[in-house]
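Undergrad: Line order of the protein sequences matches chains A and B. Residues in the first sequence are numbered from 0 upward in steps of one, following numbering that gives the first Met the number 0. Residues in the second sequence are numbered from 0 upward in steps of one, following numbering that gives the first Met the number 0.
Because the hints were derived from the structure by calculation, they are not lab data. Be a bit skeptical, because a hint or two may be false.
[As the list claims (entries may be wrong)] In silico lysine to any residue, SDA-like type, Cα no more than 25 Å apart, as pairs:
1) A:Lys-93 <-> B:Ser-51
2) A:Lys-93 <-> B:Leu-320
3) B:Lys-360 <-> A:Gly-99
4) B:Lys-38 <-> A:Gly-90
5) A:Lys-93 <-> B:His-44
6) B:Lys-360 <-> A:Ala-98
7) A:Lys-93 <-> B:Thr-374
8) A:Lys-93 <-> B:His-90
9) A:Lys-71 <-> B:Glu-366
10) A:Lys-93 <-> B:Glu-292
11) A:Lys-93 <-> B:Ser-46
12) B:Lys-87 <-> A:Leu-104
13) A:Lys-24 <-> B:Leu-53
14) A:Lys-24 <-> B:Phe-59
15) A:Lys-93 <-> B:Arg-310
16) A:Lys-93 <-> B:Gln-112
17) A:Lys-24 <-> B:Leu-79
18) B:Lys-87 <-> A:Asn-91
19) A:Lys-24 <-> B:Asn-72
20) B:Lys-134 <-> B:Gln-174
21) B:Lys-87 <-> A:Glu-112
22) A:Lys-24 <-> B:Asp-65
23) A:Lys-5 <-> B:Ile-62
24) A:Lys-93 <-> B:Ala-155
25) A:Lys-93 <-> B:Leu-328
26) B:Lys-87 <-> A:Gln-105
27) A:Lys-24 <-> A:Arg-118
28) B:Lys-360 <-> A:Glu-97
29) A:Lys-93 <-> B:Arg-242
30) B:Lys-170 <-> B:Gly-135
31) B:Lys-87 <-> A:Ala-88
32) A:Lys-93 <-> B:Glu-48
33) A:Lys-5 <-> B:Gly-66
34) A:Lys-93 <-> B:Asn-94
35) A:Lys-93 <-> B:Leu-327
36) B:Lys-87 <-> A:Ala-115
37) B:Lys-179 <-> B:Ile-137
38) A:Lys-93 <-> B:Gln-159
39) A:Lys-24 <-> B:Val-86
Remember, it's a predicted structure, so these values are computed and weren't measured experimentally.
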Amino acid sequence: MDSRKKILIVDDNQDIRLGLHVRLKANQYDTFFAADAVSGVAEALKHLPDLIILDLGLPGGDGFTAMESLNKIPTLAVIPIIVVSARDAVGNQKRAYEAGAKAFLQKPVNDAELLAVIRQSLAEPTETKKPTLHDEGSV
Amino acid sequence: MIKGQIESRALPRALRHAIDRHRMQAETDLIRTHQMEFKDEFLSHVSHELRSPLTAVRQFVSILLDGLAGELNPEQRQYLEIVLRNVKQLHSMINDLFEVSGVQAGKLRIDLQCTSVADAIAYTVNTLQGAAAAKGIIMLPSDIERNLPSVYADPARVRQILIILVDNAIKFTPQNGTVKIRARICEEQPDFLLLEVSDSGCGIDPNLTERIFERLFQASDPALADHNGLGLGLFICKDLVTRQGGQIWAHSEPGKGSVFSVTFPMFSLPKLLAPVFSEERQTEGPVTLVVTEIGSQTGWLSNEVRADQCRGIREILRGCLYSNLDVLLPKMDSAGPLERFFIVAITDGIGGEAICARIRKQLDSSEPLRQAGLTHSTYYRSLEVIKEDATEPKEGFLERVAVDIQELMNEEALSKQVGSG
Numbered sequence: 000m001d002s003r004k005k006i007l008i009v010d011d012n013q014d015i016r017l018g019l020h021v022r023l024k025a026n027q028y029d030t031f032f033a034a035d036a037v038s039g040v041a042e043a044l045k046h047l048p049d050l051i052i053l054d055l056g057l058p059g060g061d062g063f064t065a066m067e068s069l070n071k072i073p074t075l076a077v078i079p080i081i082v083v084s085a086r087d088a089v090g091n092q093k094r095a096y097e098a099g100a101k102a103f104l105q106k107p108v109n110d111a112e113l114l115a116v117i118r119q120s121l122a123e124p125t126e127t128k129k130p131t132l133h134d135e136g137s138v
Numbered sequence: 000m001i002k003g004q005i006e007s008r009a010l011p012r013a014l015r016h017a018i019d020r021h022r023m024q025a026e027t028d029l030i031r032t033h034q035m036e037f038k039d040e041f042l043s044h045v046s047h048e049l050r051s052p053l054t055a056v057r058q059f060v061s062i063l064l065d066g067l068a069g070e071l072n073p074e075q076r077q078y079l080e081i082v083l084r085n086v087k088q089l090h091s092m093i094n095d096l097f098e099v100s101g102v103q104a105g106k107l108r109i110d111l112q113c114t115s116v117a118d119a120i121a122y123t124v125n126t127l128q129g130a131a132a133a134k135g136i137i138m139l140p141s142d143i144e145r146n147l148p149s150v151y152a153d154p155a156r157v158r159q160i161l162i163i164l165v166d167n168a169i170k171f172t173p174q175n176g177t178v179k180i181r182a183r184i185c186e187e188q189p190d191f192l193l194l195e196v197s198d199s200g201c202g203i204d205p206n207l208t209e210r211i212f213e214r215l216f217q218a219s220d221p222a223l224a225d226h227n228g229l230g231l232g233l234f235i236c237k238d239l240v241t242r243q244g245g246q247i248w249a250h251s252e253p254g255k256g257s258v259f260s261v262t263f264p265m266f267s268l269p270k271l272l273a274p275v276f277s278e279e280r281q282t283e284g285p286v287t288l289v290v291t292e293i294g295s296q297t298g299w300l301s302n303e304v305r306a307d308q309c310r311g312i313r314e315i316l317r318g319c320l321y322s323n324l325d326v327l328l329p330k331m332d333s334a335g336p337l338e339r340f341f342i343v344a345i346t347d348g349i350g351g352e353a354i355c356a357r358i359r360k361q362l363d364s365s366e367p368l369r370q371a372g373l374t375h376s377t378y379y380r381s382l383e384v385i386k387e388d389a390t391e392p393k394e395g396f397l398e399r400v401a402v403d404i405q406e407l408m409n410e411e412a413l414s415k416q417v418g419s420g
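Looking at chain A on its own, in the form it has when it is part of the complex (with noise of 0.2 Å):
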């Protein structure tokens, strides 16, 4: 039971919750929800998930505003996130990697890119990257 990885699913649609669910417990992973970004902070305190995945229209917040109250806590801080939502990619995404987040992926999600893209950022160590920025000098 331990060794499962937990997601915890943000997303005001029932529905989508509900596919998600089916799709990743069939793929070994355990899911925990929250249908708006107030309750998704809260979850996500109660839970530890190993990874977020968040759409962006939410009630009481969008998912921005989720984005930034999680980093506020250095524990949820370090969990990588997943956006997945119905917004236009131009300027969302730009705005989501800005945030913090690992990956944007546009609605209606291709299962098995999203799955590709949860298994690499579980993959990746959960700290905060420091990029190494070096230079080489003149040649």
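Given the coordinates of chain A, work out where chain B should sit on it, guided by the hints.
TA: Quick look at chain B alone, frame taken from chain A:
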């Protein structure tokens, strides 16, 4: 009209009438503008709202097809595959709606760079091979010159245009027909590359070959009525082609298939360099080639995401350059997780070290770069030839400079390949 009637009430009445007419015209224009804006916002909103229920439909159809809710018999599987195919079609239409609202609002982004048309053709054939095979259509990328020159266009948009044209060709071609894709230098305009998508389909009435590019155009021909689509694909295509400096047209005869032709301006290094060297600054030399490499710690990201990050880096690099003095060259090697940006900088006597320091400083302080987990390294090579020629630019000077720069860039690309860079 009112001459000789000054004393009468006609003048004030005529003036009032003219003012009213002017005001009504202004109001009508304003209402029309608001209506257009409202329509585009509405389209954008509707397409956004449609995506969520569509997501649920697709999710559950996939769940059923993958057997996650139990075994399916062949008939059930066949019907669900029909549902999934139609869901994908609906998704494509919604994307068209979204795209067209962007076209109207002038929001579509075009990132011009050195682009391989051969790559775009290979991508398109690969993407649509399944759809063609399902109808027994043979899809041939033929007559593609071996060393086809690159074009100056947005690679994502070139792919998008080709996908629309080839997808249309497949739709309008009967079972066991043929779809061909050709690319060659345009004979009439040697500075342009000509791309042709031809099919053995039902063809188009010659009187309609211009109208098909209009927004929401749908042929009234009952033979064509069965084909899915909103009539937006070719409208989007035309907008994308013209905004990249090309042209699009169709040639067809009913019953004899259609040929859609698109031109793109060819990439030319001298053309790109011309603004820099046509200024008085051309005598200031020497010139330096600066190379900035961007590495990604998140190598698993999709090409689309990587392309988006790449666009971001280009923006940052543009901010590092001196307007009309330095040139950010298109990247010449698009493959792999590493991106390499070449910058031609006139050193203005300060030297390459100073230019590198300027670029490093900008990149080091870039928060988006840091957030995206990207690394960079910047170094330079002096372009010795320029020192001699720059003081007295002669005919063919730009072409010679371009050759030197190209050679240096190729050397850099080679050193990257063998890992000695």
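Undergrad: Are the hints correct? Go through all of them and say.
TA: Do the hints match the structure? See the list:
For a cut-off of 25 Å, the pair hint linking Lys-93 of chain A to Ser-51 of chain B stands: about 21 Å separates their Cα positions. For the given pair, Lys-93 of chain A sits about 23 Å from Leu-320 of chain B by alpha-carbon distance, which is consistent with the 25 Å threshold. Between Lys-360 of chain B and Gly-99 of chain A the alpha-carbon distance is near 23 Å, which keeps this suggested pair within the 25 Å criterion. About 21 Å separates the Cα atoms of Lys-38 of chain B and Gly-90 of chain A, which keeps this hinted pair within 25 Å; it holds.
Taking the CA atoms of Lys-93 of chain A and His-44 of chain B, the gap is near 20 Å; set against the 25 Å cutoff, the hint holds. Proximity of Lys-360 of chain B to Ala-98 of chain A is assessed by CA-CA distance (about 23 Å); at most 25 Å being required, the pair is judged to hold. Proposed proximity of Lys-93 of chain A and Thr-374 of chain B is supported: the alpha carbons are some 18 Å apart, at most 25 Å. With a CA separation close to 23 Å, the supplied pair Lys-93 of chain A and His-90 of chain B stays within the 25 Å bound.
Distance check on the hinted pair: Lys-71 of chain A and Glu-366 of chain B sit about 18 Å apart at the alpha-carbon level, within 25 Å; holds. For the hint pairing Lys-93 of chain A with Glu-292 of chain B, the CA-to-CA distance comes to about 21 Å; that is within 25 Å, so the pair holds. As the CA atoms of Lys-93 of chain A and Ser-46 of chain B are separated by approximately 20 Å, the hinted pair is consistent with the 25 Å bound. Distance check on the hinted pair: Lys-87 of chain B and Leu-104 of chain A sit about 16 Å apart at the alpha-carbon level, within 25 Å; holds.
In summary, the hint linking Lys-24 of chain A to Leu-53 of chain B is supported, as the alpha carbons are separated by about 21 Å, within the 25 Å threshold. Taking the CA atoms of Lys-24 of chain A and Phe-59 of chain B, the gap is about 14 Å. The hint holds against a cut of 25 Å. At most 25 Å may separate the alpha-carbon atoms for a hinted pair to count; Lys-93 of chain A and Arg-310 of chain B meet this at roughly 10 Å. With a CA separation close to 20 Å, the supplied pair Lys-93 of chain A and Gln-112 of chain B stays within the 25 Å bound.
Taken as a hint, the Lys-24 of chain A and Leu-79 of chain B pair is honoured in the structure, with Cα atoms around 22 Å apart against an allowance of 25 Å. For a cut-off of 25 Å, the pair hint linking Lys-87 of chain B to Asn-91 of chain A stands: about 23 Å separates their Cα positions. Using a Cα cut-off of 25 Å, the hinted pair Lys-24 of chain A and Asn-72 of chain B holds, with the two alpha carbons roughly 23 Å apart. Only pairs whose Cα atoms come within 25 Å are accepted, and Lys-134 of chain B paired with Gln-174 of chain B is accepted, the gap being roughly 5 Å.
About 16 Å separates the Cα atoms of Lys-87 of chain B and Glu-112 of chain A, which keeps this hinted pair within 25 Å; it holds. For the given pair, Lys-24 of chain A sits about 13 Å from Asp-65 of chain B by alpha-carbon distance, which is consistent with the 25 Å threshold. Note on Lys-5 of chain A and Ile-62 of chain B: the hinted pairing holds, with a Cα-Cα distance of about 20 Å set against a maximum of 25 Å. Between Lys-93 of chain A and Ala-155 of chain B, the direct Cα distance comes to roughly 17 Å. Compliance with the 25 Å bound is thereby established for this hinted pair.
Pair hint Lys-93 of chain A plus Leu-328 of chain B holds up; C-alpha atoms about 23 Å apart against a cutoff of 25 Å. For the hint pairing Lys-87 of chain B with Gln-105 of chain A, the CA-to-CA distance comes to about 14 Å; that is within 25 Å, so the pair holds. Proximity of Lys-24 of chain A to Arg-118 of chain A is assessed by CA-CA distance (about 14 Å); at most 25 Å being required, the pair is judged to hold. Between Lys-360 of chain B and Glu-97 of chain A the CA atoms are separated by roughly 20 Å; this keeps the pair inside 25 Å, and the hint holds.
A distance of roughly 24 Å separates the Cα atoms of Lys-93 of chain A and Arg-242 of chain B; the hinted pair therefore holds under the 25 Å criterion. Of the supplied pair hints, the one linking Lys-170 of chain B and Gly-135 of chain B holds, its CA atoms being roughly 12 Å apart against a limit of 25 Å. For a cut-off of 25 Å, the pair hint linking Lys-87 of chain B to Ala-88 of chain A stands: about 18 Å separates their Cα positions. Between the alpha carbons of Lys-93 of chain A and Glu-48 of chain B the distance comes to roughly 21 Å, so the proposed pair stays at or under 25 Å and holds.
Simply put, Lys-5 of chain A and Gly-66 of chain B have alpha-carbon atoms about 23 Å apart, close enough for the 25 Å limit, and the pair holds. Between Lys-93 of chain A and Asn-94 of chain B the alpha-carbon distance is near 19 Å, which keeps this suggested pair within the 25 Å criterion. A threshold of 25 Å between alpha carbons decides the hint, and for Lys-93 of chain A with Leu-327 of chain B the separation of about 22 Å falls inside it, so the pair holds. Annotation: proposed proximity of Lys-87 of chain B to Ala-115 of chain A holds, straight-line Cα distance about 21 Å (limit 25 Å).
The suggested pairing of Lys-179 of chain B with Ile-137 of chain B holds, with an alpha-carbon distance near 8 Å, which does not exceed 25 Å. At roughly 21 Å between alpha-carbon atoms, Lys-93 of chain A and Gln-159 of chain B fall within 25 Å of each other, so this suggested pair holds. This hinted pair checks out: Lys-24 of chain A and Val-86 of chain B have alpha carbons roughly 24 Å apart, not beyond 25 Å.
Of the numbered hints given earlier, the model fails none.
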